[in-house]
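J.: Sequence:
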Amino acid sequence: MTWSDRVPLALRKALKPARPVARAVRLWSDAGGMTMSAAVSFYGILSLAPLLLVVVALLGWWMDREVLEKGILSQLGTIIGERGTGVIADTLASARAPSESIMASIAGFIVLLFGATGVFGELQDAFARIWATGQPGHGRQTWRHTATLRLRGIGYVLVVGFLLLVSLVVSTLLNMFSGWLGQGLPLETLFRVLNEMLAFAVCTGLFIGLMRMSAGPKPRMRYLLIGGFAAGILFTLGRQLLSIYLSTAAVVSAYGAAGSLIVLLMWLYFSCAVLLLGAGFARAVEEGQLAPSTPGSPDSGERLALRTP
1 MTWSDRVPLA LRKALKPARP VARAVRLWSD AGGMTMSAAV SFYGILSLAP LLLVVVALLG
61 WWMDREVLEK GILSQLGTII GERGTGVIAD TLASARAPSE SIMASIAGFI VLLFGATGVF
121 GELQDAFARI WATGQPGHGR QTWRHTATLR LRGIGYVLVV GFLLLVSLVV STLLNMFSGW
181 LGQGLPLETL FRVLNEMLAF AVCTGLFIGL MRMSAGPKPR MRYLLIGGFA AGILFTLGRQ
241 LLSIYLSTAA VVSAYGAAGS LIVLLMWLYF SCAVLLLGAG FARAVEEGQL APSTPGSPDS
301 GERLALRTP
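When we follow UniProt numbering, the leftmost residue of the sequence shown carries the number 1, and every step to the right adds one.
Result set (SDA-like, lysine to any residue): computed pairs, CA atoms no more than 20 Å apart in a straight line:
{"no.": "1", "residue 1": "K70", "residue 2": "I88"}
{"no.": "2", "residue 1": "K70", "residue 2": "D90"}
{"no.": "3", "residue 1": "K70", "residue 2": "A199"}
{"no.": "4", "residue 1": "K70", "residue 2": "L58"}
{"no.": "5", "residue 1": "K70", "residue 2": "A57"}
{"no.": "6", "residue 1": "K70", "residue 2": "L48"}
{"no.": "7", "residue 1": "K70", "residue 2": "G86"}
{"no.": "8", "residue 1": "K70", "residue 2": "E82"}
{"no.": "9", "residue 1": "K70", "residue 2": "V56"}
{"no.": "10", "residue 1": "K70", "residue 2": "L198"}
{"no.": "11", "residue 1": "K70", "residue 2": "N195"}
{"no.": "12", "residue 1": "K70", "residue 2": "V202"}
{"no.": "13", "residue 1": "K70", "residue 2": "L92"}
{"no.": "14", "residue 1": "K70", "residue 2": "E196"}
{"no.": "15", "residue 1": "K70", "residue 2": "S260"}
{"no.": "16", "residue 1": "K70", "residue 2": "A89"}
{"no.": "17", "residue 1": "K70", "residue 2": "A93"}
The following label-pair restraints were derived from C-beta to C-beta distances:
{"no.": "18", "residue 1": "L194", "residue 2": "V25", "range": "30 to 38 Å"}
{"no.": "19", "residue 1": "Y245", "residue 2": "L190", "range": "25 to 33 Å"}
{"no.": "20", "residue 1": "F200", "residue 2": "K70", "range": "17 to 25 Å"}
{"no.": "21", "residue 1": "A57", "residue 2": "S29", "range": "34 to 42 Å"}
{"no.": "22", "residue 1": "R19", "residue 2": "W61", "range": "44 to 52 Å"}
{"no.": "23", "residue 1": "V193", "residue 2": "G77", "range": "15 to 23 Å"}
{"no.": "24", "residue 1": "L194", "residue 2": "F42", "range": "29 to 37 Å"}
{"no.": "25", "residue 1": "E82", "residue 2": "A22", "range": "35 to 43 Å"}
{"no.": "26", "residue 1": "I244", "residue 2": "V193", "range": "14 to 22 Å"}
{"no.": "27", "residue 1": "R26", "residue 2": "L73", "range": "36 to 44 Å"}
In short, the hints are calculated from the structure, not lab data. Every residue, glycine too, gets a C-beta built ideally from N, C-alpha and C.
Produce the entire structure from the sequences given, and follow the hints as far as they go.
T.: See the structure below:
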């Protein structure tokens, strides 16, 4: 008699909803989630400045760039705090250099696109470990596969820009209505909740988009939606705890002038860990739905690994 047979049936039914969570954590751990999160966050901080510059350049066609940068930094400030936003603001200011010619501008923009999409290659490797063979994919990548991934990255940059534009417009409208109606009605709490819901929707959309962008085998779209939603909830709850920790911990001040950079690295690491946990949860939920009904049926993990987008 196995241990599971000795557990009462009622208790097993009560614990059944928690099985995908435990499976997701196990997938994340077996694939080296901490190491992958550190690697992706390192590539992410190198790609952050070019990524933001490309987004600002694209959205600058519709909005004033100075107002746009302030709005983006304000939105990021609600997530990563003042110190992390300060690093991004300094990076944008130092990376924004005047061009000498049109050719220099075109060449610089191509270099920015290449740098902004660099992090997506590392994310592809991380998703491959969790979703497919469990092995990194860089050694088998051809130039065509790399180019395709870069193009997907450019498309995702456009999606990020669109989401940020929508977020800025909606947030501005909420602030305007809050100023107009707040004088006569106590609606400050309501608008704060709406802003939090907007931030949650944007984060969830970004998580789903990153998982959907993967070029390798991956769960079906409905499971990616579940994984992205779970990652959004975990990120929304976790960022409150991380903000409290960073505001009270002495570990940041111990790094002196580099403390703000450490804050940004910690935020990127946390975001990557949540994203990969969401990816593991998407696979765990699909495995639960595709669980074999007979002992001789093929393993659901093999089905997942063999399915391509």
